[in-house]
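Chemist: For the record, the sequence lines run as chains Z and R. Read in full-length UniProt numbering, the first sequence has 144 at position 144, and its numbers run on one by one without any break. Read in full-length UniProt numbering, the second sequence has 258 at position 258, and its numbers run on one by one without any break.
Simulated from the structure, these hints should not be mistaken for laboratory data. Only a predicted model underlies this, so the values are computations on that prediction, with no experimental measurement involved. All C-beta atoms, glycine included, are put in the ideal place defined by N, C-alpha and C. A few of these clues could be false.
Here are a few chain Z residues that sit away from chain R, every Cβ distance over 10 Å (derived from the structure) [said to hold, decoys possible]:
1) ASN81
2) GLY189
3) MET438
Covered by chain Z, per the in silico footprint, the following chain R stretches (three or more residues, Cβ under 8 Å) [as the list claims (entries may be wrong)]:
4) 50-58
5) 62-71
6) 74-80
7) 106-112
8) 144-155
9) 190-203
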Amino acid sequence: MRIVQELLFIIAFGMAVYLFSTKVRQIRRNILLGRDKDLNDHPDLRWKNVLLLAFGQKKMFRNPLVAVLHFFVYAGFIIINLEILEIILDGILGTHRLFVPVLGGLYPVLISAFEVLAVLVTLGCAIFLVRRNILKLRRFVSKDLNGWPRSDANYILLTEIVLMLLFLTMNTADQQMQLRGSEHYIATGNFLVSGSLASIFNHTPDGTLIAIERTCWWLHILGILAFLNYLPYSKHLHIILAFPNAYYASLEPAGEMENMPAVQKEVQLMLQPELAASEPAPEGMPKFGAKDVFDLTWKNLLDAYSCTECGRCSAACPANLTGKALSPRKIMMDTRDRAEEIGRNINKNGAFTDDGKTLLRDYISEEELRACTTCNACVQECPVSISPLDIILQLRRHLVMEESSAPAEWTGMFSNIENNMAPWKFSMDDRDKWATEMNQ
Amino acid sequence: MQIKTMATYAANGETPEILFWVGCAGSFDQRAQKITKAFATILDKTGVQFAILGKEESCTGDPARRAGNEFIFQMMAQNNIQLLNMYGVKKIVTACPHCFNILKNEYPALGGNYEVIHHTTFLQSLIDEGKIKMKEGGVFKGKKITYHDSCYLGRGNNIYEAPRKVLETLDAELVEMKRCRSKGLCCGAGGAQMFKEEEKGTTRINFERGHEAVDTGASVIAANCPFCMTMLTDGVKETGKEDEVKVLDIAELIAMNME
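Same shape as in the complex, but just chain Z (with noise of 0.2 Å):
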């Protein structure tokens, strides 16, 4: 018997790994399919922002209270992966409570400090659910989330509350086979919060007991293997992406704007003719912004997939906050939408077969884009370090550049500025006016 639980647990986990690297590798394989950029300048500085941004969430204590119930969550999160190394060296020994001998004293310290945690994330996520689903917070009833990101995100937090519950269940059942001397179950020590509730089996026979204690285990682990698998699928990769986005987040200024080393070249031959002699001819004709993700860069793609669906960037911008289509948070989930079409595409045809689609127009429109007051409230927001903004600003030079898509007063502008080197029709000779006017 043993030996069979041993085995099922053996295969159920190798699946889960398997399946889960799979999909990885796609996301990946995804991420690349970005153009190339360079980010590996100050590694100091990235780690620095790894530490502030990704684990020390100091964007989340933007908004204190949400902060500290995040905190709990995903505090829990990385804690209880201790917990589950335990569980899962047990699944493949078949052992019990396997760290117990190696820790000793120190073992019901560790336990109980999880299952404290464990209560403070199913708290944490039953608040979240009432904010999403009872309190209906503006940037979460919003239409960018219909369907299933809306499904999504309830599930994460079901699922969590269910795993919690499954552990806290399991230990309580352990505890009351501890205090009844049961061989197979190792004397721990006290646990914090089942120890005090393992009374409420005092009258459970020993045979429901293990088969609720074992049930618990099972659910517990397949659960936590489902949901690992879930991931990647989900709003919720942010768990581990945050990270890797963290440390690739830009140490520009955020007003800065990424230049055209392309387009710099180009007018400076214009400008200076006789340098064109000594240039090599350009290769083939060059591409301006970004009309697909394959335009974008692969921070952007990333970006996309640590997107966390949050919407602080939405209830931040100015556009989405006076009705305009704009929405940043929307912008992100096109565009790891558009890279997850692709990415299945691919699997499909071996490589990228024309599907007569474009981040741009059939996810993206012009309206959107030209809502933008690039005001960096977005970029600002974002916990994770997205920059929504830098995707909105490649996609409209796709539209002026290659399009010459622009609103009528912006062509006036544009046309102004060559030709009056001011954005407004005065003449030249009129720029000192105020200068002369105090002169006299």
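We have chain Z; now place chain R onto it with these hints.
Modeler: The following block gives chain R in isolation, referenced to the frame of chain Z:
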């Protein structure tokens, strides 16, 4: 008062301490010209040796670049850099956060390396050095002032305190809007929105901000950007409070209060 150009200085074989980059709004927009004049007056009074480019100045290319037109941006930027380098410019002060941001952060990649200072930071250093002396009491004594963070100075370049420090010298009560500092709300003009109609929505961004500013009960809204100036003035007008609430640039506030 005599405002000299870089060309004049160069003709005399001299280089001024700083270049005052006026910007298109500051040069042509009637309201923004008053900010330009106020700032030039402060520079003159404090004895800062400065020059302007005058007719030689061109748009930095900011609105074109933000709208997506990199070609026009590059043409403007490369011409400006050639000119600035020719005059050997080292230090630039500007009253426009958009010019500030692009000269400071985006010109270096094209070979334009200067020390670029926004006028609010420059005013703070003049105050710190004791060069600006305020009138006793002052025009704004006891009045409420609220400060609007421009996106390109605040979130774009992390400058939040210098403008507030300058305002503190006015002996007025500084009240903050609900959304301020890194949470500040845009005026609606950035990203080349100044040059086109807003997209369809439920309200205008500057109306939203105008209401927020007026709701503080302040009689003065202090701005640091000529575009914010236009947008906020319209926003206040929309609330019907344009007689009670004035939008003024920090340079104007200082100029009005200097001895």
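Chemist: Does each hint fit the structure? Answer for all of them.
Modeler: Going through the hints against the structure:
no. : hint    : verdict
1   : ASN81   : holds (33 Å)
2   : GLY189  : holds (48 Å)
3   : MET438  : violated (5 Å)
4   : 50-58   : holds (count 5)
5   : 62-71   : holds (count 9)
6   : 74-80   : holds (count 5)
7   : 106-112 : holds (count 3)
8   : 144-155 : holds (count 3)
9   : 190-203 : holds (count 14)
When each numbered hint is compared with the structure, a violation occurs for hint 3 only.
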